[in-house]
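Visitor: Sequence:
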Amino acid sequence: MAKVLRRSGTKVTLEVTVDLKGSLLEMEGAIQEASNAMGRCATEEALKRFDTDGSPIRVGAMKLTVRGRDP
1078 MAKVLRRSGT KVTLEVTVDL KGSLLEMEGA IQEASNAMGR CATEEALKRF DTDGSPIRVG
1138 AMKLTVRGRD P
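Residue numbers for the sequence shown follow our numbering, so the first one is 1078 and each next one is one higher.
Note that these hints are calculated values from the structure, not bench results. Check each hint, because a few of them may be wrong.
To be verified - Only pairs whose alpha carbons sit at most 27 Å apart, straight line, appear in this in silico DSS-like list of lysine-lysine:
| # | residue 1 | residue 2 |
| --- | --- | --- |
| 1 | K1125 | K1088 |
| 2 | K1125 | K1140 |
| 3 | K1098 | K1125 |
| 4 | K1125 | K1080 |
Could you put together the complete structure from these sequences and hints?
Guide: As structure tokens, this is what we get:
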């Protein structure tokens, strides 16, 4: 599991927990899953910086909107 510990300007500090039990193959899987979770967490933080005011996006004549944040 990964979580954001601190946000400071353009930097985020993440915490990740890896359970190293079982065979080496199981440990490698746990390490990979923890790395992926950390990447997802950092990407989520990065994407939040692009949603400025919630106004619709216009592409040509098409108007793209959303009702609210996806939980």
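Visitor: Starting from K1125, check that the Cα of K1088 is at most 27 Å away, please.
Guide: holds, 13 Å
Visitor: Decide if the proposed pair is consistent with the structure: K1098 and K1125, CA atoms, cutoff 27 Å inclusive.
Guide: violated, 35 Å
Visitor: Is K1125 within 27 Å of K1140, Cα to Cα?
Guide: holds, 21 Å
Visitor: Quick one, are K1125 and K1080 close enough, alpha carbons at most 27 Å?
Guide: holds, 15 Å
Violated hint: 3 only; the structure is consistent with all others.
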